[in-house]
Amino acid sequence: MFPEHDDIELVKLFKNNAEREKAFTIIVKKYQEKIYWQVRRMVVHHQDADDVLQNVFIKAWKGLDSFREDAKLSTWLYRIAVNESLSFLEQQKKRSSVSFDDVSEGLENKLHSEKGFDENKAVWKLQLAMHQLPEKQKMVFNLRYFEEMPYEEMSQILDTSVGALKASYHHAVKKIEEYILNH
Amino acid sequence: MPTIETISSELSALSQPIADLPRNNLFAVPDEYFNAFHINLVPRLHKEVYHQEAPELSPLLTALQKENPYHIPESYFNEQRIDLLPLRTDKKVFKMAHAIKYAAAACIAGLIATSFFITHQRETVPAATVTEASNITASMVSPDAIAMYLTDMDDFFIAETNENEPVTNNTNLLVDIDPSTIKEILQEIPINDISIYMDQNGFGDVNTLN
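Those protein sequences? They're chains Z and Y, same order as listed. Quick note on the working numbering: the first sequence kicks off at 1 and runs consecutively. Quick note on the working numbering: the second sequence kicks off at 1 and runs consecutively.
Hints in this document: simulated from the structure, not taken from any laboratory. This one's a predicted model, so the numbers in the text were calculated from it and none came from an experiment. Don't take every hint at face value.
To be verified - Straight-line Cα separation of at most 25 Å, SDA-like style, residue types lysine to any residue; simulated pairs:
hint	chain 1	residue 1	chain 2	residue 2
1	Z	59	Z	25
2	Z	34	Y	186
3	Z	175	Y	24
4	Z	34	Y	41
5	Y	47	Z	61
6	Z	22	Y	45
7	Z	12	Z	93
8	Z	125	Z	175
9	Z	121	Z	22
10	Z	175	Y	7
11	Z	175	Y	21
12	Z	34	Y	76
To be verified - Now the stretches of chain Y that chain Z is said to cover, found in silico as 3 or more residues with beta-carbon under 8 Å:
hint	region
13	12-23
14	30-37
All C-beta atoms in this analysis are idealised placements derived from N, C-alpha and C, irrespective of residue type, glycine included.
Same shape as in the complex, but just chain Y (with noise of 0.2 Å):
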């Protein structure tokens, strides 16, 4: 068995400046600790080993014994008092699980058949709106209240193209005339109704046509 010189000659060798420094203890520790360690330590002894709470929790229960005041009759557990065979055989269980799959399928068809109800409905459905918004509305608008319409629309349309603007440059001619051809349809022209539409535009002299 090695000494305690052992041991501190052993570290002399290996390290002179640790064999060399004070062993004192450098840690603080509560007044009392030690004294009161072994206290400290019943409850949780209790605790943890007889899986109950320490006796000063409650010194009147512990005092109390653990008698069940409970009074049952003689023999209670040894008289088989309830035949449990004919429970397991002749009568038909109800399985929840049959009755589960059951419900899913029919969930499944139901569902498959309100879709095509559903689909069938809007195929059908347009073509009955408009015949009967057609018949609604030639109830409710008059012929004479229509024909209004189509006249406004026709004038609209008309408007839209430009046709009877001024022209102004020839942007907006649909065909070349040559001079020659417009010669030619002036010739046709009663000379007084030129004059008149040259006096009436502000164009001067009829001759200067030419």
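Isolated chain Z, as found in the complex (with noise of 0.2 Å):
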């Protein structure tokens, strides 16, 4: 990717006004693809997933002149696609002013229209029965599985104890393994 730059590095560098623009962009080209399939397998769509990165990166763009080093630059970004994602969820429940399950449902159907989708294949269940859980327990479980990302950083990310997201990880695991044994 690019060894050369560590985020410490990259954030001083954005910090100096004359190197912004290069800056962003090595950071923009560093995370793009880990932030898009976190934002992708909850909003499903690609045009949406597009949508919301775009708006994380402009996000991070403001942010960034403020952001603390103590913090880690991927975490930061992780938390604020987090935000989005949710966000934009919940724009989708108001536009269409209906419950969460129709959402869920309506998530669904995105899935249905994906190119290659077969719904008798175990991760394609896998998928369906994702979007049957609660956002927050989705959120973890797609950290986990697929980032393989750490409790703790997790709870930096979505601001919950370590205990809370293991109990959290453990629900979702049981409840797709339900899903995919009854369908």
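Need the complex rebuilt from these two chains, each delivered in its own frame; the hints are there to steer you.
Laid out in structure tokens, this is it:
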């Protein structure tokens, strides 16, 4: 990726006005893919994921000046991505003025329209099962199962204790297993 | 710090079927999306962060220096050129709020006066109208015509009462007369008159009445 630039150096570079755009381009290129997949698994459609990802990096540009270097840049970006994804889903709920169950039904329909979708395949069943979960539980499962993120980092992103995250992940895995076995 | 092995073993302990699933990417992404993302981000950054369009929209305008071409006298803004204090005192200020109040009061008074006038007119007009109408009628119609009209109306009312219709049954008799009374009446009429009446109306022998 960009081994020659560590995050602290990139943030310092960004705070220098002359190097701002260059530093930001490096940050975007470094994290865009990871953040994209995190968002994409939450909102399903590419176009929605693209909108959310752009919002994430615009927020990052606006906030990087006040970013404290005691936190990890990736953790901070994930935190923005989580908030933006949840805001997007909340907006969708308000626009259609329906309950959250109907929103998960909408995400299910989006999954059905994805290229290569096969509801008989366990990997797609796992995606369907994930969208039955409450939003926060879905987020925990997403970060732990797909991103293999340590609970300590998740705790900073989601503002939740490690114990609560472990319990949440445990419940999420059990629900998904039950869904896959029964469908 | 937990390793990936720790995370995998945690998952295996929780659910072996899920741990066995391949974690390959299922979703499709347009070609070159990640190579072009940062380029597509620039116009939005310019619009939202700098509140202006991207430089490539008009390189000429972007290149122009944003200097003010207009000239003003030196120390213009430091000089107190207009004395505002006299404007604030002495002269009476005409307030629109007062004018609106007076106008509203005048309108209400006008409405009351108009309605009183109209009501008064309605009360006096009918009497005058009747008198005028009778005078006009008298001047236009002759006394003979009026007399003729009244006679016609009498005939009309007589016809309406059916008094001259022949009696075919007892339903239209106004009074009950017993046979002895009828005999007394007939005795007062000369027998010849009765015979003539009976002959004219086809009732036969006069003695049948007895």
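Do the hints match the structure? See the list:
no.	hint	in the structure
1	Z:59 <-> Z:25	holds, 14 Å
2	Z:34 <-> Y:186	violated, 138 Å
3	Z:175 <-> Y:24	holds, 21 Å
4	Z:34 <-> Y:41	holds, 17 Å
5	Y:47 <-> Z:61	holds, 13 Å
6	Z:22 <-> Y:45	holds, 14 Å
7	Z:12 <-> Z:93	violated, 39 Å
8	Z:125 <-> Z:175	holds, 12 Å
9	Z:121 <-> Z:22	violated, 43 Å
10	Z:175 <-> Y:7	holds, 18 Å
11	Z:175 <-> Y:21	holds, 15 Å
12	Z:34 <-> Y:76	violated, 58 Å
13	12-23	holds (count 7)
14	30-37	holds (count 4)
Hints 2, 7, 9 and 12, counting from the list given before, are not met by this structure.
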